[in-house]
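J.: Here are the chains, one letter per residue:
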Amino acid sequence: MGRKMDIFTIGLIGAVVVVALILVGLYFSYYNRIRVYENQIDEAWSQIDVQLKKRYDLIPNLVETVKGYATHEREIFEKVAMARAGMISGTPQERMEASNMLTSTLRQLFAVAEAYPQLKANENFKLLQEQLQGIEDKIAYARQYFNTSVLNFNNLITTVPGVWFAGGRGKREFIAIPEGERQAPKVQF
Amino acid sequence: MEQRRTFFEEQRRNGRDSILLAIVVSLVLFGLVYTFAYIFAPQDLIIVLPISAVLIIIYTWASYQYGDQIVIAATGARLAEGDEYIYLNNVSEGLSLAAGMPMPKIYVIDSPEINAFATGKDPEHSSIAVTTGALQKLNRAELEGVVAHEMSHIRNRDIQFMTYVTVLVGLVSILSYIIRRWSWVGGSRRRSRDRGSGSFEGAVIIFGLILAIVAPIAVALVQYAISRRREYMADASGVELTRFPEGLASALEKIKNSNQGKMKVDEAVSPLFISDPNHSALDAFFATHPPIEDRIKRLRQM
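Chains as they are written, first to last, in my numbering: chain C, 1 to 189; chain X, 190 to 491.
Treat the hints as calculated values from the structure; they're not laboratory data. Glycine residues also receive a C-beta, built at the ideal position from the N, C-alpha and C atoms. Mixed in with the good hints, there may be bad ones.
Quick look at which bits of chain X chain C covers, simulated, 3 or more residues with Cβ under 8 Å [said to hold, decoys possible]:
{"hint": "1", "segment": "201–209"}
{"hint": "2", "segment": "264–277"}
Calculated Cβ distances over 10 Å to all of chain C for the following chain X residues [claimed, not checked]:
{"hint": "3", "residue": "ILE240"}
{"hint": "4", "residue": "LEU286"}
{"hint": "5", "residue": "LYS310"}
{"hint": "6", "residue": "ARG489"}
Input sequences plus hints: build the corresponding full structure.
T.: Structure (structure tokens):
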């Protein structure tokens with residue numbers, strides 16, 4: 001009887017140990033995956049941040065160049081300056097909103113530039129235009145990567161078994177895509 | 190998530206393929222070198238063979254390590270630097286941000302044709318080359334489609350395998366060519382020196398000759414079969430980056446309509462390109478790329 005109990009007890013202990021090991025293994029694996037995704041989201045945001053700063057630094061150059069030719073467009077310069085100021089501080093969400101505002105005011109600025117053939121032919125202006133267009137695309141692409149990372153993270157921490165190991169982490173916010181950006185705007189004269 | 194899993198599968202498959210290929214090609218190379226030595230210097234076989242075995246191992250390793258530089262040099266690509274190429278660099282940097290991987294080195298090739306290729310060891314050491322023709326003839330969305338396709342070759346780890354194949358196959362074809370070309374010279378010289386030294390010698394030479402003729406064809410067939418599947422894969426995952434299938438579809442259409450297939454690049458390098466740089470009569474059998482119409486159709490159905 002005693003011997004049988006022993007075998008039963010050993011079996012039970014064994015089973016408990018195996019289950020515990022599996023749980024610990026799962027915990028490590030999911031903990032690491034969650035951290036990897038968290039880091040990926042941070043990294044994605046810092047890529048956006050880099051582009052926002054580059055954009056912030058380029059704007060004065062652009063405005064100076066345009067001012068040289070289009071002296072009477074005060075209103076648009078003010079709008080650009082306002083949007084630019086909003087990009088440097090605040091929460092990521094606020095900064096992205098400021099950046100989106102800048103995108104649309106820059107479009108107006110470039111539309112205005114269409115009326116000045118000399119400005120359009122200026123090499124420096126063309127280069128700035130390409131750089132800003134490039135940055136705009138890069139922000140869009142970096143945001144796409146950010147949102148994919150957030151989606152992966154949210155999927156992981158809201159589904160079983162990831163949700164058991166999430167340690168109370170909440171879902172991360174996506175960066176909203178501005179309405180006008182889905183289709184390329186057409187400027188016609 | 191589904192897409193992601195296929196990436197990992199693709200990466201694993203590429204790793205496995207590379208090892209398999211390295212072994213097969215090394216054996217073929219050794220066979221060729223053996224014949225080569227047998228024809229030209231039969232008395233020195235005992236010295237030649239160990240040395241060549243070591244050289245083959247070094248070559249195999251070097252083509253893994255430096256294959257991208259060999260390929261870049263073979264196509265005459267130069268670094269895309271300066272304001273002239275800011276547009277290309279911007280497009281590429283944007284797509285590498287979307288892929289969440291480091292920016293590859295960007296090269297340009299002087300050619301009026303629309304073409305591009307990617308090469309490298311891994312995403313950290315990778316390069317993309319685009320022709321000047323592509324820069325002139327494609328609009329931004331089309332260029333993005335093409336660069337995203339190349340970026341996907343990097344992300345799927347195709348480049349490592351493809352570059353590796355290219356460099357190894359290059360050597361096999363060179364050696365085969367030399368043997369085919371010179372075997373009768375060496376053979377006749379030897380025959381006059383030691384007449385009738387048995388049938389073994391004849392068998393080796395015949396085997397070597399067959400190898401020299403068949404090896405390049407066999408390796409090329411494998412190379413072509415593999416590269417076709419990869420092209421569809423890269424088209425699909427490139428679109429995942431740009432979210433705009435029409436960009437690549439319209440670029441391929443321009444390639445179809447305007448490319449002459451007369452780029453001056455070596456046959457061995459051609460599977461790396463997005464569109465076959467030289468057309469030939471053997472296209473139906475040896476097409477390194479799936480029919481362009483079929484690729485366009487698939488893209489438009491996405």
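J.: Please go over all the hints and tell whether each is borne out by the structure.
T.: Structure-based check of each hint:
| no. | hint | in the structure |
| --- | --- | --- |
| 1 | 201–209 | violated (count 0) |
| 2 | 264–277 | holds (count 3) |
| 3 | ILE240 | holds (47 Å) |
| 4 | LEU286 | violated (4 Å) |
| 5 | LYS310 | holds (22 Å) |
| 6 | ARG489 | holds (19 Å) |
Of the hints listed earlier, those the structure fails to meet are numbers 1 and 4, in rising order.
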